[in-house]
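What follows is the residue order along each chain.
Protein chains: 2
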Amino acid sequence: MTTATRLSWTDVRDHIHAQILDRTYRPGDKLPRDEDIAKDLGCARSTVQRAMQDLSDAGIVERKRKGGTQVRTDPVTRTTLDIPITRKEVEQRGGIYGYQLLNRTVEDIAPWVRANFALSQPITMLHVDALHLADQRPYILEDRWISTETSPEILSVDLATNSANEWLVRNKPYTRCDLRFYAVEADQKVADKLTAPLGSALLVIERSTWIDDHPITTVRAVTRPGYQLLTQN
Amino acid sequence: MTTATRLSWTDVRDHIHAQILDRTYRPGDKLPRDEDIAKDLGCARSTVQRAMQDLSDAGIVERKRKGGTQVRTDPVTRTTLDIPITRKEVEQRGGIYGYQLLNRTVEDIAPWVRANFALSQPITMLHVDALHLADQRPYILEDRWISTETSPEILSVDLATNSANEWLVRNKPYTRCDLRFYAVEADQKVADKLTAPLGSALLVIERSTWIDDHPITTVRAVTRPGYQLLTQN
DNA sequence: TAGTGGTCTAGACCACTAA
DNA sequence: TAGTGGTCTAGACCACTAA
Numbered sequence: 000m001t002t003a004t005r006l007s008w009t010d011v012r013d014h015i016h017a018q019i020l021d022r023t024y025r026p027g028d029k030l031p032r033d034e035d036i037a038k039d040l041g042c043a044r045s046t047v048q049r050a051m052q053d054l055s056d057a058g059i060v061e062r063k064r065k066g067g068t069q070v071r072t073d074p075v076t077r078t079t080l081d082i083p084i085t086r087k088e089v090e091q092r093g094g095i096y097g098y099q100l101l102n103r104t105v106e107d108i109a110p111w112v113r114a115n116f117a118l119s120q121p122i123t124m125l126h127v128d129a130l131h132l133a134d135q136r137p138y139i140l141e142d143r144w145i146s147t148e149t150s151p152e153i154l155s156v157d158l159a160t161n162s163a164n165e166w167l168v169r170n171k172p173y174t175r176c177d178l179r180f181y182a183v184e185a186d187q188k189v190a191d192k193l194t195a196p197l198g199s200a201l202l203v204i205e206r207s208t209w210i211d212d213h214p215i216t217t218v219r220a221v222t223r224p225g226y227q228l229l230t231q232n
Numbered sequence: 000m001t002t003a004t005r006l007s008w009t010d011v012r013d014h015i016h017a018q019i020l021d022r023t024y025r026p027g028d029k030l031p032r033d034e035d036i037a038k039d040l041g042c043a044r045s046t047v048q049r050a051m052q053d054l055s056d057a058g059i060v061e062r063k064r065k066g067g068t069q070v071r072t073d074p075v076t077r078t079t080l081d082i083p084i085t086r087k088e089v090e091q092r093g094g095i096y097g098y099q100l101l102n103r104t105v106e107d108i109a110p111w112v113r114a115n116f117a118l119s120q121p122i123t124m125l126h127v128d129a130l131h132l133a134d135q136r137p138y139i140l141e142d143r144w145i146s147t148e149t150s151p152e153i154l155s156v157d158l159a160t161n162s163a164n165e166w167l168v169r170n171k172p173y174t175r176c177d178l179r180f181y182a183v184e185a186d187q188k189v190a191d192k193l194t195a196p197l198g199s200a201l202l203v204i205e206r207s208t209w210i211d212d213h214p215i216t217t218v219r220a221v222t223r224p225g226y227q228l229l230t231q232n
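Line by line, the protein sequences are chains H and U. For the first sequence, the residue numbers in numbering that gives the first Met the number 0 are 0 to 232. For the second sequence, the residue numbers in numbering that gives the first Met the number 0 are 0 to 232.
Treat each hint with caution, since some may be false.
Repeated chains share a single entry, so a pair holds when one copy, or any two copies, can fit it.
Unchecked claim - Derived pair list, reagent style DSBU-like, types lysine-lysine, alpha-carbon separation capped at 35 Å: (1) K29 x K65; (2) K29 x K171; (3) K38 x K63; (4) K192 x K65; (5) K63 x K188.
The set of hints was computed from the structure by calculation and includes no laboratory data.
Between the sequences and the hints, there should be enough to build the whole structure, so can you do that?
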């Protein structure tokens with residue numbers, strides 16, 4: 000007698016993934032119908048469906064109704080990137096977090112802000128410059144703009160003690176978030192604030208959030224020299 | 000008579016998400032049990048489960064058996080990043096893709112390669128330098144190392160006509176992938192190859208892949224000036 | 001150890017789309 | 001228009017873990 004172990008959907012996923020890895024099914028090949036796989040493996044079709052959905056989400060197979068399931072020909076490197084609030088990030092690295100408000104004004108938005116939000120009209124927003132510190136040393140310089148239309152309450156928040164980052168994260172959940180990564184050379188202002196050599200290469204993370212098509216905030220975060228962004232799979 | 004529309008799991012997810020957005024449930028608050036939500040909304044518990052799983056995957060709520068479901072106190076910005084093969088990337092931007100093999104040797108791995116794979120022993124791998132072009136102009140300079148242990152076949156591939164990028168993607172599916180993003184200043188060699196100003200800030204994408212703990216390849220891709228990486232949510 | 005989320009099943013019906 | 005994947009349901013049992 001063999002023991003009939005019940006198959007979990009992860010078992011099914013791993014089984015099929017293994018067949019793709021060992022080239023039983025090659026890129027472009029069509030896999031059997033869910034129902035047939037279920038019959039073969041002795042599990043319910045919904046278990047196969049769950050497994051396939053995961054492989055599909057991971058970019059490994061492509062599924063079409065009536066068309067069936069195919070191994071993807073052009074796999075993409077798909078990863079999940081978590082960007083925590085800066086305080087958490089520093090603390091997770093075992094550092095002591097610090098924060099300095101550098102500037103706070105209501106003014107016409109800069110061109111890059113207008114571009115990020117795809118606004119046709121120039122408008123005013125709350126502009127906040129702040130410095131995040133790790134172990135007393137500059138860590139991230141943030142140039143943030145906050146819509147006073149979506150977040151009027153921000154005007155009465157004491158941003159010298161509470162970072163806008165933190166307040167927004169707790170009080171303004173968003174429905175859409177765009178990210179942009181690129182490199183810049185440190186200009187005089189950035190070099191001073193981050194105590195980085197003039198002209199050094201710095202990673203920039205721009206993030207813009209919306210709630211139902213209404214802009215909430217956009218931030219250009221310039222990181223200190225040597226900063227690296229990692230995925231954690 | 001009202002028409003009883005059947006609730007889909009996305010409806011349930013959106014309904015609960017809306018309640019989090021409108022602060023019916025605030026960060027830290029506990030949500031009702033799945034079963035109670037199901038009863039309230041008049042759907043099956045598994046439908047609520049599916050919705051909740053999605054919110055949990057998105058980092059919006061946190062679920063624990065017996066502990067129930069909570070709105071996350073420290074939401075993270077969680078996004079999915081797709082990195083296609085370079086040829087596809089160029090073509091998707093409407094450019095004409097080109098490729099040049101610059102160098103191909105079997106040699107002792109560089110320190111950064113050893114670090115990426117966490118190898119205790121120095122070993123040899125196939126080292127490939129190549130340039131990707133968009134519309135005849137340098138686009139990405141790649142410094143790639145390929146394990147001849149995991150991929151001995153690569154030694155007989157004509158890398159002058161087929162990019163290693165392309166061959167690996169089609170022939171070596173991986174089980175683990177690490178990514179690393181940072182900025183570098185263009186040194187003389189990089190500046191020459193990319194026709195970038197010496198010292199200009201460039202975004203670097205490092206990617207390392209494994210199959211079941213065996214290294215496949217690691218690549219340091221230095222992008223041309225002005226290159227930006229975007230998420231597409 | 002009791003309560004909550006996680007998963008499986010079998011069956012039904014729906015939604016999309018290749019042929 | 002027929003065939004496939006997508007989803008829902010009701011019920012069962014399991015797995016984890018807060019209390």
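Hint by hint, here is what the structure shows:
no., hint, verdict
1, K29 x K65, "within (12 Å within a copy, 42 Å between copies)"
2, K29 x K171, "between (45 Å within a copy, 18 Å between copies)"
3, K38 x K63, "both (20 Å within a copy, 33 Å between copies)"
4, K192 x K65, "neither (59 Å within a copy, 48 Å between copies)"
5, K63 x K188, "neither (53 Å within a copy, 47 Å between copies)"
Figure legend: structure checked against the earlier numbered hints; hints not met, in rising order: 4, 5.
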